[in-house]
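S.K.: As they're listed, the protein sequences go chains A and B.
Counting in the UniProt record's numbering, the first sequence runs from 1 upward without gaps.
Counting in the UniProt record's numbering, the second sequence runs from 1 upward without gaps.
Note that these hints are calculated values from the structure, not bench results.
Take the hints with a grain of salt, since some may be wrong.
Said to hold, decoys possible - Simulated crosslink set (DSSO-like; lysine-lysine; CA at most 30 angstroms straight-line):
hint, chain 1, residue 1, chain 2, residue 2
1, B, Lys93, A, Lys227
2, A, Lys224, A, Lys212
3, B, Lys87, A, Lys139
4, B, Lys139, B, Lys16
5, B, Lys16, A, Lys227
Claimed, not checked - Derived list of chain A stretches under chain B, where covered just means 3 residues or more per stretch with a C-beta under 8 angstroms from a C-beta of chain B:
hint, segment
6, 61-75
7, 137-143
8, 202-213
9, 224-237
What the hints assert, rightly or not - Some chain A residues close to chain B (C-beta under 7 angstroms, calculated; not the full set):
hint, residue
10, Ile5
11, Ser38
12, Gln44
13, Ser47
14, Thr52
15, Asp53
16, Ala97
17, Tyr163
18, Asn167
19, Leu169
20, Pro172
21, Pro175
22, Ile199
23, Thr216
24, Arg218
25, Gln219
Positions of the beta carbon are idealized from the N, C-alpha and C atoms, including for glycine.
There are 2 protein chains.
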Amino acid sequence: MNETIDLMMRHRSIRKFTKEQVPPELLRTIVQAGQMASTSSNVQAYSIIHVTDSEKRRQLAALAGNQEHVTESPVFLVWCADLYRLKQACDFKDEPAYIGTTENMVVSLVDVALAAQNAAVAAESLGLGIVYIGGIRNKIAEAAELLGLPELVTPVFGMCIGYPDQNTLIRPRLPLEAVFHENSYSSERYEEQLNRYDIMTEQYMLNRTGGKRSITWRQAMRDKLSKPARLHMKSFLASKRFWEDEK
Amino acid sequence: MNETIDLMMRHRSIRKFTKEQVPPELLRTIVQAGQMASTSSNVQAYSIIHVTDSEKRRQLAALAGNQEHVTESPVFLVWCADLYRLKQACDFKDEPAYIGTTENMVVSLVDVALAAQNAAVAAESLGLGIVYIGGIRNKIAEAAELLGLPELVTPVFGMCIGYPDQNTLIRPRLPLEAVFHENSYSSERYEEQLNRYDIMTEQYMLNRTGGKRSITWRQAMRDKLSKPARLHMKSFLASKRFWEDEK
Numbered sequence: 001m002n003e004t005i006d007l008m009m010r011h012r013s014i015r016k017f018t019k020e021q022v023p024p025e026l027l028r029t030i031v032q033a034g035q036m037a038s039t040s041s042n043v044q045a046y047s048i049i050h051v052t053d054s055e056k057r058r059q060l061a062a063l064a065g066n067q068e069h070v071t072e073s074p075v076f077l078v079w080c081a082d083l084y085r086l087k088q089a090c091d092f093k094d095e096p097a098y099i100g101t102t103e104n105m106v107v108s109l110v111d112v113a114l115a116a117q118n119a120a121v122a123a124e125s126l127g128l129g130i131v132y133i134g135g136i137r138n139k140i141a142e143a144a145e146l147l148g149l150p151e152l153v154t155p156v157f158g159m160c161i162g163y164p165d166q167n168t169l170i171r172p173r174l175p176l177e178a179v180f181h182e183n184s185y186s187s188e189r190y191e192e193q194l195n196r197y198d199i200m201t202e203q204y205m206l207n208r209t210g211g212k213r214s215i216t217w218r219q220a221m222r223d224k225l226s227k228p229a230r231l232h233m234k235s236f237l238a239s240k241r242f243w244e245d246e247k
Numbered sequence: 001m002n003e004t005i006d007l008m009m010r011h012r013s014i015r016k017f018t019k020e021q022v023p024p025e026l027l028r029t030i031v032q033a034g035q036m037a038s039t040s041s042n043v044q045a046y047s048i049i050h051v052t053d054s055e056k057r058r059q060l061a062a063l064a065g066n067q068e069h070v071t072e073s074p075v076f077l078v079w080c081a082d083l084y085r086l087k088q089a090c091d092f093k094d095e096p097a098y099i100g101t102t103e104n105m106v107v108s109l110v111d112v113a114l115a116a117q118n119a120a121v122a123a124e125s126l127g128l129g130i131v132y133i134g135g136i137r138n139k140i141a142e143a144a145e146l147l148g149l150p151e152l153v154t155p156v157f158g159m160c161i162g163y164p165d166q167n168t169l170i171r172p173r174l175p176l177e178a179v180f181h182e183n184s185y186s187s188e189r190y191e192e193q194l195n196r197y198d199i200m201t202e203q204y205m206l207n208r209t210g211g212k213r214s215i216t217w218r219q220a221m222r223d224k225l226s227k228p229a230r231l232h233m234k235s236f237l238a239s240k241r242f243w244e245d246e247k
């Protein structure tokens, strides 16, 4: 199609990296490309913490579930939703202000993800590999403390970046029709579409594990969603004043 | 730098489009590029509603604040956070399940934004222009009703796509240092950084309006955040069962 779309179509997460460092100027370019993503009313409600201190990296990796690549990747970034800078910028005193609202929480979560995805694609366009680390939310309060995040700032995900030292398969996505609706939401054909996807996923898993393991998408989702996960998120975001709406 | 990063660096929102239609195959490619974005544990917690019905377009445009481009753009998509398909896929009966949790709300908001940003960049790589439409959240319950969204599905933003019929300036972003921290969050230099950005923003606004209007970033943010905005988001997301965590 073109270079950019071909690149996206080849995306897979990279969890093993060579020892080659990412030049600081390249990293700056990647983050600047992230900044160029759309942002709601230009609020730019995100911050990125570049973790270079090796002891801090080690502690964060432990908090994120001891994934080796969080310690080993040449670059580790923590992408945060940030309404605090806006509050500082406005310097509201006694006037009414609407900052920590559910609407703005949504805005900041979307803003940080848009910027991160631009950065991810920019990194990949430079021959780097990346993986998002949702595990940063495992012990989110401790991670936030370690990074010195003030009120109205929360970690959303980490990101490892480096030169790939593995060549993994591209994971098939849901059939287009299962996510792309015309005029109205339609789940009528989910049964058939998910059957189809289960077969694709099983085949992919077999290929990926050299025939050793396999699971359907639906079974993987059942396994995942039958267990409680990060039930602290509601109270953590409330403690950071991300939703103070009256009702 | 390279084609992909150059493209990102030239991004600006497009709100005026030529009458040229976007071929269906191209739109499918754009959405498929969106699907290739990273997704948390492969949950793919999003759906896209392609609004082709002109009466529905008109109604949505009215709900979104009567922005002309929402009616006039060749393509209008509504990007939704979607935990409903997962619920269908799992078919939990009496077993305990954790679907409508704050954690999964965050996951679905991030997932939909990552996919949308890939799609946005893919569209731009094909010579198209786009603009995100947060206004879809203005009357979110009505928009959700119009699109037939079930529980656990919420509109997050719209997106207009088409061939650009305007050549707008690139809006400067915050200085890199104001969003990019090392090891710890630091707001120490915000005053200086935001002063610098205020000057850049004023100049940009003067250039954009042919010298007619200008405003600093901080003043624009003050104006925005001193007014209540979409305070229905909390109760709407609750009504859609996006956070049912016990505490």
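S.K.: Report the numbers of all earlier hints that the structure fails to satisfy, in ascending order.
M.R.: Of the numbered hints, 5, 6, 7, 8, 17, 18, 19, 20, 21, 22, 23 and 25 do not hold.
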